[in-house]
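Colleague: Residue numbers (my numbering), protein chains in the order written: chain Y, 1 to 247; chain Z, 1 to 370; chain U, 1 to 262; chain G, 1 to 459.
Among these hints, one or two may not hold up.
[As the list claims (entries may be wrong)] Simulated restraints on C-beta separations:
(1) Z/Asn298 x G/Gly54: 53 to 59 Å
(2) U/Ala183 x Z/Arg222: 43 to 49 Å
(3) Z/Asp87 x G/Glu440: 42 to 48 Å
(4) Z/Ser202 x U/Gly114: 50 to 56 Å
(5) G/Glu440 x Z/Met332: 27 to 33 Å
[Said to hold, decoys possible] Within a straight-line C-alpha distance of at most 30 Å, the following computed DSSO-like cross-link-like pairs (lysine-lysine) qualify:
(6) G/Lys195 x G/Lys79
(7) U/Lys220 x Z/Lys358
(8) U/Lys220 x Y/Lys34
What the hints contain is simulated information worked out from the structure, not anything from laboratory work.
No residue lacks a Cβ here, since even glycine has one placed at the ideal position from N, Cα and C.
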Amino acid sequence: MFLGVDAGMRFTKAVMWDGKVLSEIVEETRGDMKPVLDKLKNAGDFKYCCATGSGAELIDFANVIEDDVVCLAIAARDMVDADFVLDIGGQSITAISVDKDGNVIDFMRNDKCASGSGRFLEVMSSALGIEIEDVDSAASKADRKLSITSQCAVFAESEVISYVNEGERRENIIAAVCDSIAKLAVAQANRFGISGRYTITGGVAKFRSITERIRSAIGEEYVEFPQPQLAAAIGAAIVAEEEFRDV
Amino acid sequence: MSLSKIHEIAATLENEYVRKWKSEGNAVVGHACIAMPKEMAEAGKILPFRLRGAGNADTSTADSYLSRYNCSLCRSCLELVLNGSYDFLDGFVRVRGCDHWMGTFDEIAHARKPEFVHYLKVPHLVNEDTLEFFAGEIKRLKEAFEGRFGVEISEDEIVRYARIQDKINEKMREFYKLRFRKPNFYGSDAIAVMVARESLPSDIFFPLLDSAMAEKRKIDYRAKVLLAGSPLDEIELVRKIEEMGALIVAETTCFGGGAFWNMVEYDGSDVYEFLARKYLENLKICARMFGEYAYRKNFIKSMAEEAEVDGVILQHNKFCDLFGIENAKLRMDLEKEGIPTLVLEKEYASTADIGRIKTRVQAFIERMGR
Amino acid sequence: MLFGGTDVGSLTAQAVVLEDGKIAGYRNIRVLPNPVESAKRVMGELLEELGLRQDEVVIFSTGYGREKLVEVGFAREHVSEISCHGRGAFWLNPAIRTIIDIGGQDAKVIRVDGEGNLVNFVMNDKCAAGTGRFLEIQAKALGLTLDELGEMTFRSANPVVITARCSIYAETEVLHYMQRGVAKEDIAAGVNRSMAERIYYLARRVGVEREVTLTGGVAKNRGVKQELEKILNVKFVDLGVDPQIVGALGAAIFAMEKYGGE
Amino acid sequence: MSALPGLVKRSYEMLKAIEGIENYTWEEVEGLYSIVGKDLGQSAKALLDERHDGAGLHFMKVIAKHIREAVEAKDEGKKVILIPFNFPPELIHAFENAVPLTTEVMSTIGVVSLEGQGEPYWDYAMSLGIPDYVCSANTIELGSALMSVEALEFTPDAIISGAPGSCDVNSKIHEFVAEYLGIPELTIDKTGGGKTDYQLYRKLFLRMVNELEKFVGEEIDEDRIISVTERANECTELYWELHELKKHSPCPVPNMFTLFTYGTRFTMWGRDEAVSMLEKLVDVAEKRLRRGEYPAEREIARSVWVYTGYYIDLYDLWIWMENNGISYLTDGLNSFFPNQFEIETKEDALESIVSSAWNYPMTRQMGADNMGIQWFEDLTYLAKDLNANCAIYCGHHSCKQTQSVFRIFRDEANKIGIPVLRLDGDAWNRRITPVSVLQEMILDFVQNVVAKKRRRRRR
Ligand SMILES: Nc1ncnc2c1ncn2[C@@H]1O[C@H](COP(=O)(O)OP(=O)(O)O)[C@@H](O)[C@H]1O
Ligand SMILES: Nc1ncnc2c1ncn2[C@@H]1O[C@H](COP(=O)(O)OP(=O)(O)O)[C@@H](O)[C@H]1O
Ligand code: SF4
Ligand code: SF4
Ligand code: SF4
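This is chain Y alone, in the form it adopts within the complex:
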């Protein structure tokens, strides 16, 4: 068994792997990581562990560390045979092109602004008093199209509050939030240039109200990634396995 850990900005994800996902752990990334580390270590007997993500070096027991673009590329190729990945995580959107062996050809990440990322979605849904799990169902009940234009997550929040104050329905507002995240993701995808089979990963890919908007704008062949938030962790687990066989 192999352990792949993706220590992201928002969540630390881990999968126990043996040709397929045997079990998984998703924990919030915290200031004090010790409890999370303990939980990971006790996840089961693994032969080798690979860590990835911005907090990879915090996983002190990892045998190897790999970049998250690499892990995402591998996961996308091996799991769903995709040529492109659009990853929407807690703080950034990354577009990656992948060769037929699962290697990164090129990638592009926005690093300027937090708007359009997963954290933005969280801040907004909490401002609206909508549980994150209910985002999809709320957004599906929208009956009017609104737009959120601010480039800044925090100001976008005050746009949201403006809408609330004008008595706008929360369903319409959350749909507008999903829309604005989708738009930024599409802009990133277009800037990068996607042509071929692509998949969407990261915690935000769990929300259909966002992925569907992206899909309708991109128009290339889409393939769904099962458990998209685990993608980088799965890639890491595969790296662990490959490294172990090489060692």
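Given chain Y, put chains Z, U and G with the ligands in place with the hints provided.
Modeller: Positioned in the frame of chain Y, the structure of chains Z, U and G with the ligands alone reads:
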């Protein structure tokens, strides 16, 4: 009646007159700056149509071309060009306005490859050398028009249209003076007039303006305000500002008062020299012209005095460098002269942030003691 | 004569009632999803406490939903928060010339003249980093309550430097510091200081004239308050009331000034 | 209210001390590091790094002289002319009674010498109401210039604006400073990249020279300007020698030499100091080549930076890159394509200066008819010439000029197989994106896209 027609034109891109114009086999070109010599285009039966975002705040496709640091007006227009809303245009004149527009036109050329994109180079200084240069540029534009659209542009025709423009400008000044004294119109009506002017053949626009001016509206307001800053065609925004009680009685923006207040009339001189003088000297009202800050400050000040306003709103689009910096300086200087001044930074066409804008405008009115 | 004011913010809503030119009572609650409901609730609770009926009180509204409240006939008129904070603070202490009001979404610096009239103001339009929301996000990341966050300034000798302008990136910075084992006090103190710096530069745009006071919810953060005093080189005047009610108070005063003569 | 010192005095004091330094040991550098504080120490350490073999110290002395001349000019009754980086300083050096002070260089130095870098100046500019989206180079420059005035330390006598036609923001900031200080502003304008544009540019330039002569109260002396432009020719020759050396792989020229080159170009070009500076650079690089000592020993990436990558709060970003096998071959700021000129008369000399100004970075590309294409052509020319294998797109946050044509640049670069990384950081303001995030992106990019570190075959 005419006023509602004007509002209708301002709310559509390809209006009925443009369609008619085109059906008569004439061309329409898009541009984005008042340095565009209108009479010359019209003399060749080419309608200059100013690009505008028409309330479009969704710029997702444009954002993958331009960066998010680009002015929202430009991104909004680029979006409309990319999604085909401007397909009725037969080409573009890439008038050198500001840097953002240059990048925008480059992206238009790169992404859509239109058949006609002509670069009209506009100097940033006014002196003998630049005037001579600009006259040459206008001549080049004429030749480009003739070459592309198979028309012949005679000097007589240019003069004929220049005289029509003179008449319109005169009428516009009259319109403004009406607004100064006893306002009969909302600023939102006036903005619609400006937008319509930039979207219509001049012989259609003139009678429309004339009859609109005869209409009277009942006007409610708490304070009279002058609007300055970056080009503004957002009727909805102005309406919201006026709902708070700040009546816009004058604009010094480039498509507002800046487009005609100080524009010289045809004086019988060489046509190209005249056009160069007319457009380049008038352009001093725009923050893109260097060494003319005092001119602009005085222009705003004297119009504010003439219109007897209670204060000045200096607005600019987010990411607009020219007016963002200009407004910072103007605010200091106008306040020093005792003119209450409010700087409003906004996203083009976005109504979502209207709450914050309203709070500021209301406080500004309260500050002016109204 | 009875006059009332309501002020609905992004986080809290307040009501104040004036009787014979004195504060008869006030109330401060968390907002409800709808601002009109918030105003009605907070004023309703206050009136009940004071044993008054709504039709006995002339109410002015400010803050979010202020226009709606007039539309639905709850308030007689509405006034901007900016004027209200200015007027409220000046009424409490006529030596006041500058009011710094920091709420959840906005930060404002307000200047009034010797008669309490608004002479100038700035409101943050640059970045949200200088608002109460910034503090909320960081407090949450640090696992502190808002009260605790403010106190940390007094327990730290070595505040860290928070460089990110963006609240969300600042949150990441805070997490990084924590993961590297930096003391919470030092991180929190750094957060408070960076907040004060943002306000300082906002204040410079209209200038700060004495006396100065701090209003809004962030005035309850003692750390930010002290850092601001240091950097502005002033001592804030304590108005003697809950700093969050100053806006609602101002609204009530406007009502009194306008209809007091009836 | 201003607790902060002005920038000019601050750099003056700091650099005056440096001018006195002769030789130094690494222990002394370490000692300095512990005294001056983290930020400044880190920068100083990077500049003085052994691999530069004294070139960093030499560079600081060049800059020190540039600033000292400006500060001391007042006492000598000379006029100080504030110039932008895209203006040839040799023109001002040709005057007996005027000295140039290059604003961007000034700010760069100040930014290094300050705890918290340029941020206080940025904040100061904000407090004047300058919008936060104005590119930081300009914001910080304005803040620092005005703060020096506010602190009653230093006022320039006139300002030259060389950017109209290539950058609105830059020109606008100069106008603001001139208006704010009430000093004259002399302006030139570039309308495009063609022949008539050049004719106009030349006329406006010469007009400006004329005004300058009147302002300074002196006609430029023929011998003096000839000697200045001859020095400029020598510099040019050395510049191209260094360029040749960069073609070797691994690159024997340390990353930071690009900064040293344009830093010199923007301040002392046409002076003996510049000649000796460039000699030093060539000398160090040649020695390294001979000895086979390469700054980036295991060179995996040969990068060209579009626009520039000077992360001031981490001067050692360059060193960090070398340690990670990344050569920084050149960047947009260094692309001024200097020429040699035949000079016999004052007119020749002036013509040569006009022509250099026309070819200056930013003026050349952003003032072209199509800035995306010109930008691309210049940078890809350099990339090919220097045998680069990647481009990194970075500069000042919200630089419209480069950002608005990024798409064009990337599409074209991809066609010729040069991958491009775009960073949204800011060269002067680490608040925009923390340096650690940028480093991570750079590594991800060079290792995975450029060097293709992990090669797997699908099972
Ligand atoms: N149960 C959940 N709780 C909170 N956020 C969630 C949840 N499920 C998905 N998300 C979304 O996923 C994002 C995090 O995605 P992830 O890919 O894990 O980010 P990172 O790798 O940067 O930590 C959150 O910001 C949020 O938008
Ligand atoms: N008890 C407290 N201690 C410290 N800070 C507080 C406290 N209560 C509120 N705050 C700060 O005040 C902000 C809210 O201020 P408030 O004036 O209520 O905002 P609004 O007017 O938008 O409702 C919060 O974001 C928080 O930063
Ligand atoms: S603002 Fe200036 S550059 Fe822009 S369109 Fe108007 S006149 Fe032209
Ligand atoms: S608003 Fe400003 S940035 Fe936008 S197009 Fe006009 S001048 Fe340019
Ligand atoms: S505060 Fe806003 S503008 Fe600034 S980076 Fe964050 S989300 Fe973006």
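Colleague: Next, verify each hint and record whether it holds.
Modeller: Hint-by-hint comparison with the structure:
1. Z/Asn298 x G/Gly54: 53 to 59 Å: holds (56 Å)
2. U/Ala183 x Z/Arg222: 43 to 49 Å: violated (54 Å)
3. Z/Asp87 x G/Glu440: 42 to 48 Å: holds (44 Å)
4. Z/Ser202 x U/Gly114: 50 to 56 Å: holds (55 Å)
5. G/Glu440 x Z/Met332: 27 to 33 Å: Roughly 42 Å apart at Cβ, these two residues miss the hinted range, so it is violated.
6. G/Lys195 x G/Lys79: violated (34 Å)
7. U/Lys220 x Z/Lys358: holds (28 Å)
8. U/Lys220 x Y/Lys34: violated (33 Å)
Hints 2, 5, 6 and 8, counting from the list given before, are not met by this structure.
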